[in-house]
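Undergrad: Start from the sequences and build out the full structure, keeping to the hints where you can.
Each protein sequence line maps, in turn, to chains A and B.
Residue numbers 1 to 200, in the numbering used here, belong to the letters of the first sequence in order.
Residue numbers 1001 to 1200, in the numbering used here, belong to the letters of the second sequence in order.
Calculated directly from the structure, the hints in this document are not laboratory data.
Among the hints, a few may not be true.
Beta-carbon label-pair distances, calculated as ranges [unchecked claim]: (1) A:D39 x B:L1194: 45 to 53 Å; (2) B:L1176 x A:P20: 31 to 39 Å; (3) B:Y1191 x A:P177: 46 to 54 Å; (4) B:D1117 x A:V10: 23 to 31 Å; (5) B:N1040 x A:D39: 21 to 29 Å; (6) B:E1069 x A:Y184: 44 to 52 Å; (7) A:M37 x B:A1153: 25 to 33 Å; (8) A:S36 x B:L1130: 20 to 28 Å.
Below, computed lysine-lysine pairings styled on DSSO-like, alpha-carbon distance capped at 27 Å [unchecked claim]: (9) A:K25 x B:K1091; (10) A:K125 x B:K1025; (11) B:K1025 x A:K54; (12) B:K1068 x A:K25; (13) A:K68 x B:K1025; (14) B:K1054 x A:K25; (15) A:K100 x B:K1025; (16) B:K1125 x A:K25; (17) A:K60 x A:K163; (18) B:K1054 x A:K54; (19) B:K1100 x A:K25; (20) B:K1025 x A:K25.
Think of the CB as a built atom: it goes at the ideal place given N, C-alpha and C, for glycine as much as any other residue.
Each chain is listed here by its residues.
Protein chains: 2
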Amino acid sequence: MSDCNALPLVILAEKFARLPGIGMKTAQRLAYYVMSMDDNDAEEFAEAIVNAKKTVHNCKCCQNLTEKEICPICDDQQRDKSVICVVEGPKDVTAFERTKEYNGLYHVLHGLLSPMDGITPEQLKIRELLARISEGNVNEVIMATNPTVEGDATALYIANLLKPLGIKVSRLAFGLPVGGILEYADEVTLYRALENRNYM
Amino acid sequence: MSDCNALPLVILAEKFARLPGIGMKTAQRLAYYVMSMDDNDAEEFAEAIVNAKKTVHNCKCCQNLTEKEICPICDDQQRDKSVICVVEGPKDVTAFERTKEYNGLYHVLHGLLSPMDGITPEQLKIRELLARISEGNVNEVIMATNPTVEGDATALYIANLLKPLGIKVSRLAFGLPVGGILEYADEVTLYRALENRNYM
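TA: Here's what the structure looks like:
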């Protein structure tokens, strides 16, 4: 933004530009749009940011994002507590829930192993997964990480930790396009991949 | 966002989705991204929104956005106060300033006439433009609205108001974009370029 612009606007545009997939041009457009919003709407927008950050944290059990101590899925007595579906992030939980076919629990790793980026097992929620399994009620763990190098490596790493414990470990079927991103898979593809999972 | 998500996150995603050019999927991604930000960064983002809304308003003179009473362009004694370039919005001012060739003042209409959308002259900053001109120092007004139906109509409407006052009114030239390829120009542009040809 050229310096003919008001400084607070330049600052706001820079904040928008830090968001993923938003370039400087779009960020400027968004900053101008905020200026055209009602005072009320703008304040509510700002509050929504602060509020989400303040009240949302990881579920004590599955590590998914929630504003409660235990998320509604872990807390749901109708769900099958003997199956845990291990995913990279919260948006993957949303994707599975959209299939309406999975009735087990989840475990959110908050990342994938990636030695190149310095992401080691300690930085993922693997310890928490092992703790859940040590409680004894789990029969099967479904590795539902993306079909990418990092996703496969993470699945294999966790499978190798769990198999000695006598846990059935499965992997999503490669109905998913290889190299694709789980979050964008359509419901049917995702359901097929779940149904045809292969035991490791 | 499915209801397996924390409510504050759903609310935040809905706020993002109201921004222009941001669909629900991108809005969800942005909401998740906010969750991964430092507490500090998220708060600064929220503050930037509130702060821009609170401190930035229209320049008393040209109606461009500024945090001062009079914007730096109107306040600049080096600029030619006898020429006013009339534009649709603040981003058009930025575009002209980028050329580094224009040394006059601006007037921001904050919209274009559009009877279909219920936008009438009273909703644009036309009264403020007439007030500036009535002060007497203006020789020329350049109508720099977009070459669209609304932009042309607005330019014509204002030109008809100003000409009886003895003000020179001009319109941006329309023709081929510099560096453009003739074969890809649309018919109307090419016709304008032909009509407004300059003799060498």
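Undergrad: Of all the hints numbered above, which does this structure not satisfy? Sort the numbers upward.
TA: Hints that this structure does not satisfy do not exist here, as all of them hold.
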